[in-house]
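Join the two chains into one complex using the hints; note that each chain is given alone, in its own frame.
Just so you know, the protein sequences line up as chains E and R, in that order.
So the first sequence is numbered by the working numbering: it starts at 1 and just counts up by one.
So the second sequence is numbered by the working numbering: it starts at 297 and just counts up by one.
Do not take every clue at face value.
[As the list claims (entries may be wrong)] Below are the DMTMM-like pairs computed for lysine to aspartate or glutamate, each with C-alpha atoms no more than 20 angstroms apart in a straight line: (1) 373/R - 383/R; (2) 373/R - 116/E; (3) 125/E - 375/R; (4) 543/R - 2/E; (5) 502/R - 181/E; (6) 514/R - 2/E; (7) 121/E - 375/R; (8) 543/R - 269/E; (9) 121/E - 383/R; (10) 502/R - 116/E.
[Said to hold, decoys possible] If you want the footprint, here are the derived chain E segments under chain R, 3+ residues with CB under 8 angstroms: (11) 2-10; (12) 125-137; (13) 256-269.
What the hints contain is simulated information worked out from the structure, not anything from laboratory work.
For every residue, glycine included, the Cβ atom is placed at its ideal position computed from N, Cα and C.
These are the residues of each chain, in order.
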Amino acid sequence: MEILLQLIFSGIALGMIYAVIAFGYQLTFATSGTLNFGQGEALMLGALVGLSLAGNVLGGPYLNFWLMIPLVMVFGLLQGALVEFIGVRPAIKIKSEFGWIMSTIALAIIFKNVAENIWGKDDLKFPSPVSEAPLHFLGANVLPMEIIIVVGALAMMLAVEIFNRKSIYGKAVIATSNDRDAAGLMGINTRLVITFSYALSSMTAAFAGVLIAPVTLTGATMGSVLGLKAFAVAIIGGLTSGVGVIVGGLILGIAETTTGFYISTGYKDVPGLVLLLLVLAVKPAGLFGKTAIKKV
Amino acid sequence: MNFKASIVGFAVAAALSAQVFAADAIKVGLSGPFTGGSAPMGTSMRDGVKLAAQEINAKGGINGRKIELIERDDEAKNERGVQVSQELINKEKVVATLGYINTGVSLASQRFYQEAKIPVLNNVATGSIVTHQFDDQPDNYVFRTSANDTIQSGMIVKEVVDKRKYTKIAILADSTNYGQLGREDVEKALAAKGLKAVAVEKYNIKDVDMTPQLLKAKEAGAQVVVTYGIGPELAQIANGMVKLGWKVPMIGSWTLSMGNFIDNAGPNAEGALMPQTFIQEPNTPKRKAFIEAYQKAYKVDRIPSPVSAAQGYDSMYLLAAAIKQAGNTEGPKIREALENLKDPVEGVITVYNKPYTHNDHEAITANIPVIGTVKGGRVVYAYEEDKKVGGEVRTKAAKAAPAAKAPAKEKAK
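Isolated chain R (complex conformation) (with noise of 0.2 angstroms):
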């Protein structure tokens, strides 16, 4: 083929491509940290989108149309955060965006798709307030995948307290939006039990020393350390109790599961204990060929955080349920669809069964996650008597609202 022939059909096959593309493409945004002290929750997440987003595309798309994500790395930094949904709204145009790992950049950045009318489903941020950021509005475009930090704190205190009866508890927490908010939802869960932490310390992300804040703990008489932060620092945490020759469980929000803690900290983090919304264990269909997906299209044996890439690859599987449900790509005719799911979703963590509401954006409810613990370099259960039922699929919890109602319906009848 000669020079002339080539360029004319290259510019014709470019030509073609874009035009299917513009007519047929779904734009869905995808924002997450994918370097940095966050990246092993972005990148798993990000791999679990891409996964179900291929999954999807190679059974013929959503109504015949092909999705095409648009990835960022909004680098946990919260201003770069609001220049990626600047970019991805106005600029790329997408229909959805699925992201944020970190609570701050979240909140900083939704509220521009919140205006925008399109939604946002975040797939791995915890902050119990992501979700009622927008309260004050008739509707809200943000959703969420994960177990926010109430549920999480609440399974923190209740297995501190009522499993392991400890009634002197340390809470650190890193300086972030994440580790301060966090902290709030232990001590309110505490507060509950009429507890009280007997030190609540502080540290700063990149800290090299934990020796003072571990100190104020063990004089505290702490018996156990309730953590809420990122993987590098807990290590430091973790190796600097060893250093301290003072040795107490470690309980903490799910982070501890990450792959730069697990490394970092190496013998020092095992039996640190830690709520999952999925441990990587085969044990229901989906799961296993989930987890032997994800290995094979990115050579990995150990996902860096299987809780990111199984709470992204469902919520590319809502996402898509809801275009397919709504029949076109408004952000307000998605929101609705979100809101009123008609077939259940099957997802690797449960099986979504009316998800959202109009009032109730949160898919995850108390009930579905478990107890995870560092076993060997890994996160496994933490109790046989979850994992013997780790097959059954538990699903959203009827709200308790309406449950309560019911009684009183009976009464008054």
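Isolated chain E, as found in the complex (with noise of 0.2 angstroms):
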């Protein structure tokens, strides 16, 4: 019993990095149909912008951790918009269907060879600021940063989903995902919309990062592999929910942990790349997904 509830947990703490890194595929997805295929670089970058701040690669420490994290969140906006400038305006302006795929991909690896060049190839350690002995609960054990890393992450979605849900500019969000043509007859900038939705998502991506790297290691290959699982957080859960990036984080690391455990740590990862099968041959807009009828 205290196994399943340490795997549980494990789960439940790789499963929110996975749902903070998935909702920003979301957020963008809502408002424009597009994707960050960088949504891991900007989650690398926001971790290193974070531990040159904070940590002493750049000579540092400048700030302390939760004075380095709106720095770092300012970093993220700004990285956003900027992806959608370069990246994703031209396509959407010539209605392309997958020129955004491609210029977010190559807007990507620029990231992480730039990254490279600046903070070099090798795996950081990032300053834990909270203590790194573990908590007794329920007869399992904790990282203090691991609860850091739920909360903060959770706190992150609801903070976005109430900026949408209640002021102005979050309602033009709203319309704009309900319909970008209405939206933009009734005087709603909708170009402005999207740009803000990147930023935005790069925001909660740089925000994970800084977050997550004091449990693991940080470098500029951190960000592929947990990007990439995050991509199939956000198809089960469905690209348009935002309950549903939670719920398929913790299933996906739940599903990893227990496992890893139970099964063999040879195959922790296909148990949630069968059931991403499953969602996509069953319920292709996802768990939590509307299902959009495509008019041609």
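Below you can see the structure in the form of structure tokens.
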């Protein structure tokens, strides 16, 4: 029982990491029908910028961990806006179906190479802001940082949801995601809304980056595997649902840890991917997604 | 000086130097991962080789010819290693190549050298089959200056079973060629003692959570975790054990001495045990000179991977000795010279007295490495008695086969 609990706790922490990245996919998909395939790299850049501010890699530390977070989020906003401006806007303008896929992947590779040149290709240690000694909870062990990851990720997603539902700017986002053309006719600057959604999505990724960096290791290649897993989560949960990515993340995270223990650690990635195939076969819009009818 | 004159001067100088180089330099390839998770080993090996090459060149080179190193980053990727080997052989026309950190890259790349009859000295890769890949061919061009996994797994099992009397052993190995071949060797060595690991777990490079693997080991009642992997993931294992509040000794292959394991695991790395051919301890004049030269040249206090640096340094000296003895740079001649080295070569790890024969391409035998441990963020001798005699150079053991034959002959007489 304690074992199962330990596995579930680790799975939840892992799943929330996936969920918060997948949430970023969902944000841009809602407004523009496009995705930033460089989500993992946005996370990596956030973590490395955070490490430069709060760690000692580039002559620091300049700030403590908590003060560094707002700056990293601002950096994420700018980085996301840049991706949209260079990679996605031209594709949307010419109504290209696939242009944005290539350009966001290309930008992701460029970001990775830039990061390798600035911070090197080695994995770096991110100083933990809280104690690294585990807490005992119902007979299982949890790292304080893992609790921060779960709480921080949930708070982040909640804040963005509240912003979207309550504020006038958020309403513009929702209007754009419901019907981009109609929103444009109502005087909403849909282009700006799309830019904004990209900025928000990279901001959540950058935030996720500094949250998880103390638990994982920090380096130019940290984002690629996580970005891919989060993509699977977004598909399982549904690209149009905020709740979906959380549930999808938890499913994948817990599936990985429990399979690793009860079946074999060599197969731990399999159930998540089998689930992905099942969802695509049975409910292609995802477990919580709205089925969209594409009018041709 | 006017512009035209300077151009003419430059052109003449360039032409002259090109001519001198074309006539003189001996091109030696250098292939290793200088970036990524294996980088501490790759860069230390490269810097060790460079140091040796500089020393040899400063003393006038080999038979009056200078060594020119052609360095290439194989990124620890098998396909990249293949490209590098083809470039070094066909374009750069190297006379021999030093390097290979990763067993997988070595296995994928060295067949091109074998086909081209150009010797390769594996100075870090440890997979047991590395030097036996071409056993079916009359001549083998693959040599090694590192302690292979048969030796290392034997030492690990000896430490775990004989010295520390553990009977419940968990093995955690990564899913690369290195990890899985090493795991096989450990399992074989355990089987020889009549033991079977209670848990054998696998993980991928870049995995961020080791909870399932460690829990399985813990539940199986393991008293010790034996690892076969590289630095960053080894750090995740050490950190994961602390997270689970489960502290058992970590004993593994020599990679537990990597800087990126020690740095990323911090205090959790303390006490990890591993076989080492070289420990950064200036206990002989040769080692002292080597460590000081390395620290001075690369401005570091702790060598990122002392074992790789020392093995790289020694491999350059062995190759230089072979080329000198061969008197030319043809591959088969260098191979023959390596197999019949007349004069002992003094390296930092040991004195190589006839290190290779036609059928034996391993310079290191089981008696040479010692057990090292992480203490205060550095790798030191694990046992005082090893440290005390650390200054006595351990040389290659006489082959077991002839020794066994000798008494038989006696009897026949």
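Against the structure, the hints:
The straight-line distance between the Cα atoms of residue 373/R and residue 383/R is roughly 15 angstroms, inside the 20 angstroms bound, and the hint therefore holds. Simply put, residue 373/R and residue 116/E have alpha-carbon atoms about 17 angstroms apart, close enough for the 20 angstroms limit, and the pair holds. With a C-alpha separation of about 29 angstroms, the suggested pair residue 125/E and residue 375/R falls outside the 20 angstroms cut-off, and the hint is violated. The suggested pairing of residue 543/R with residue 2/E holds, with an alpha-carbon distance near 18 angstroms, which does not exceed 20 angstroms.
Distance restraint check for residue 502/R and residue 181/E: the Cα-Cα separation of roughly 43 angstroms exceeds the 20 angstroms cut-off, and the hinted pair is therefore not satisfied. Taken as a hint, the residue 514/R and residue 2/E pair is honoured in the structure, with Cα atoms around 12 angstroms apart against an allowance of 20 angstroms. A threshold of 20 angstroms between alpha carbons decides the hint, and for residue 121/E with residue 375/R the separation of about 19 angstroms falls inside it, so the pair holds. Note on residue 543/R and residue 269/E: the hinted pairing is violated, with a Cα-Cα distance of about 27 angstroms set against a maximum of 20 angstroms.
Taking the CA atoms of residue 121/E and residue 383/R, the gap is near 24 angstroms; set against the 20 angstroms cutoff, the hint is violated. Restraint check for residue 502/R and residue 116/E: the C-alpha separation of about 16 angstroms stays at or below 20 angstroms, so the hint holds. By the rule of at least three residues with a Cβ nearer than 8 angstroms to a Cβ of chain R, the coverage given for the region 2-10 of chain E holds, with 4 such residues. Requiring three or more residues with a Cβ within less than 8 angstroms of a Cβ of chain R, the coverage given for the region 125-137 of chain E holds, as 5 such residues are present.
With 11 residues carrying a beta carbon less than 8 angstroms from a beta carbon of chain R, the region 256-269 of chain E meets the three-residue requirement, and the given coverage holds.
Taken one by one, the earlier hints fail for this structure at numbers 3, 5, 8 and 9, listed in ascending order.
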